[in-house]
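> Residue numbers (my numbering), protein chains in the order written: chain A, 5 to 409; chain B, 14 to 395.
Think of the hints as simulated: they come from the structure by calculation, not from any bench. Check before you lean on any hint, since a few could be wrong.
Each pair of labels, with its calculated beta carbon distance range [as the list claims (entries may be wrong)]: (1) A:22 x B:344: 14 to 22 Å; (2) B:88 x A:78: 41 to 49 Å; (3) B:272 x A:78: 19 to 27 Å; (4) B:262 x A:374: 34 to 42 Å; (5) B:344 x A:252: 35 to 43 Å; (6) B:85 x A:368: 38 to 46 Å; (7) B:344 x A:230: 45 to 53 Å; (8) B:114 x A:327: 52 to 60 Å.
Covered stretches of chain B (in silico footprint by chain A; criterion: 3 or more residues with CB under 8 Å from a CB of chain A, positions within the stretch not fixed) [what the hints assert, rightly or not]: (9) 75 to 88; (10) 384 to 393.
For each residue, glycine too, the CB sits at the ideal point set by N, CA and C.
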Amino acid sequence: MSLLSRYLGPKQAFEGGLFLPDQKAEYARQPIETLPVDGPLHVPLSHMADWSVEPVVRVGDRVLHGSLLSEPSGSAGLPVHSPVSGRVTAFSRAWTPYDGLVPCVTIEPDERNEVLSSRHGFENESVIVQLARHGVMCQSPRAALHEYLHAAIARGVGDLIINAMETEPYLAADLRTVVEEPGRIVDTACELADALGVVRAIIAVPFRHRRVVRRLNSEAEGRGVEIVALADVYPQCSPVLLVKSLLDREIPPGGAPLDVGVVVLPLSSIRSAAHALLDDRPVTHAVMTVAGDAIRQPGVFRVAIGTPIERLANRLGLASPMHQVVFGGPLTGVSVDNLSTVVTSECTGALFFKSRESVSPVPCIRCGWCVEDCPIGIAPTDFLKSESRSAASAMVLLQADACID
Amino acid sequence: MIIEPRMLGSQKLLGAPLHRLSGHTHRHIVRAWLMAASVMGLIGIVLYGRAALWVLLTCVAAAVGVDTICSLLSRNRTPGRTERAALTGLLLGLTFPATIPWAVATFGAVVSILIGQVVFQGTLQPALVGRVVAQFVFSGYLSLGGALAYSPVLTPGHVLMGDIRSAERVADYRGWIESQESTTFEAYELERPVQILRRFAVSQVEPDGDLRYTPLIRDLLPPWEDTIFGVVPGGIGETCTVGLIIVGLYLIHRGFLRWQLPLTVLASAAFALSILPVEIARDYRWFPALEFEQDRAVGMAYILYHLTSGQLMLTAFLLAGDVTASPMRVHGQILYAAGIGVIAVFMRLYGVLDGECYWAVLIMNAFVTTIDRQIRRPVLGT
């Protein structure tokens, strides 16, 4: 596979990288399923720990699916909406995977699931205001999407890249999204490209999924959005390497795509933005892969924000006692040890594993594969030579800054 | 050593926590190599009998014993250390002929561990360090320039169980299988093919009229298939080309040896052999590869004999690719392997020292740091 892809597949713009066993074949063909809410939700009132927010509900209030729960009180922040209809029972704190403990509101669902009717359907709002009103987050970099777009406009970007390269094993949420709603993705990409005023808008998709690429191509025909299929080599999903592969620009070590005039948006943000812009609905659910060897029915699910992962795991069938829960991909995700951690809008995957894998440090035997496989040319063996900060040469420090992981 | 981010003044956590691993550690690499070397050891035992088994056992036992003493004295018990010492001992044993006494084997193994592994930290291939030091100290047993021209190989009827010391020179040797009736001993004593080729290169083989290469191939060298299957005299693991290619492919398949390295060693050696002149009847003839005699491509046969008649294959597949002593990147390894091939051929054709391929590896090991420094990838974005 790797040899064939390397020589017959699309040209790779960088050296190194890995063709990983992707583990998603089992559920990549199943449609995205919405999991019904079957217990109290602990909805975090803030998307990020350092945003100050003000709750607009009180204990005992009845809320509908989509009603406002909190509003930002400072200049930065996003509103939070209720993912279910029910009654507010308490204010407390909940563990989140990326921010630790944040204030949350507990909602006891009533089985009716009434949806708040859209009030703003015909108002003439800009794209960016709609994104802000519906609470759309961007996963990488972690920021409110509208603020990131503001920053991008202020820097004068020329290109928009939408990152549908899901090269980490297990994760299939982006793939399912592109399969199920290619038209909406292209529409949203056009909207955002117009809002940003970019010259080129590119959607990067894995070369391996030929039918998806063909379908997206037919959707994007004549719309000013390019579809580019890239090799499925592992860190191709990194913005640094996407910019290198698609535009042949190199981001300086420690820099961001905005430094070279490019906006890279993950597909999950586009999915939420599509929800906000095309349906006029706030972000209340996260589309995420739930998989791992401890789960009996893995798949891609639309999970209400605020669902504790323990309930999620029990619902999908725990095959055996799990020893590790990872939010995100198995290579770059965060491992959590608290089973009451709740799903937030930024979650793209929750992986439940039977065992925790780790390596004990061993002396380097100079096999050289790390040097060969590093996609950006860091020589990890150089770090071994510099045992202290004073011994670390400028080159080594530069390499440390260039690391994309 | 574990890198801590604050040591390097970077806010980033170096080496993100990987939650799923491939399961490969450095122990798997050493074990795969040990397995490959053991297969060659078994083939050597079949070809050279019990004596080969004793040489290999002595080497491995001495290497592991000395390494254990060292680790006890230095209190440095790195995981996988014993396997690595065993691998060094085994590789050393593969380079020795089966006829050496146990003292030579022990001496070589002790030097390999003490100098190759402890002092040089494996930056020179440790097994070869032991081999060349033993070659100097025991020059009577390990030829230092042709002293060991004749050495034995078991006859077809006595493989595995025969005694290699019961050997006889066969006057009219026609091949391993064909000459079986002409001896009552358990082993043939033959001139090593490498030795014949070296004599040929310095004009010690008389031409037959116009024919320069034909006397060498027709009269002196064993049949080519004998050198392929290894039924010619030489070191325990040196001769069996088929076995070496198979274990080499196994290591390549496991990803612990890059295919570019053995291929480049062999290709560069063949390239050098096809160009470098051979002295025949006081006449230097360049480009031996282009020689044709009686419509036979004798030049090509000459090169193939050079590649398969011992040492070069073992060097290409097992000795040169040692992970610690070879360059880290593929481009560096190609450069390194090309150096090995060319230096080995030079030393074989024009040098006096025996064990030329081993010397070539040690010489190129000395350049590994330089090669690694030169073959460096630019960091993206700088």
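> With reference to the structure, classify each hint as holding or not holding.
So, going through the hints one by one against the coordinates:
1. Separated by about 19 Å at the C-beta atoms, residue 22 (chain A) and residue 344 (chain B) satisfy the suggested range of 14 to 22 Å.
2. Checked against the given bound of 41 to 49 Å, the beta carbons of residue 88 (chain B) and residue 78 (chain A), roughly 58 Å apart, lie outside it.
3. Judged by the Cβ atoms, the range 19 to 27 Å given for residue 272 (chain B) and residue 78 (chain A) is violated: they are separated by roughly 60 Å.
4. Our hint of 34 to 42 Å for residue 262 (chain B) and residue 374 (chain A) is violated, since their Cβ atoms are close to 24 Å apart.
5. Range check, residue 344 (chain B) to residue 252 (chain A): Cβ separation about 22 Å, and the 35 to 43 Å hint is violated.
6. One distance hint, 38 to 46 Å for the beta-carbon pair residue 85 (chain B) and residue 368 (chain A), is violated here, with the actual separation near 23 Å.
7. Evaluation of the 45 to 53 Å hint for residue 344 (chain B) and residue 230 (chain A) yields a failure: the beta carbon distance comes to about 34 Å.
8. As the Cβ distance of residue 114 (chain B) to residue 327 (chain A) is approximately 56 Å, the hint placing it in 52 to 60 Å holds.
9. A count of 0 residues in the segment 75 to 88 of chain B with a Cβ less than 8 Å from any Cβ of chain A is obtained; the coverage claim is therefore unmet, three being the minimum.
10. Counting residues of the segment 384 to 393 of chain B whose beta carbon lies closer than 8 Å to any beta carbon of chain A gives 5, which reaches the threshold of three, so the coverage claim holds.
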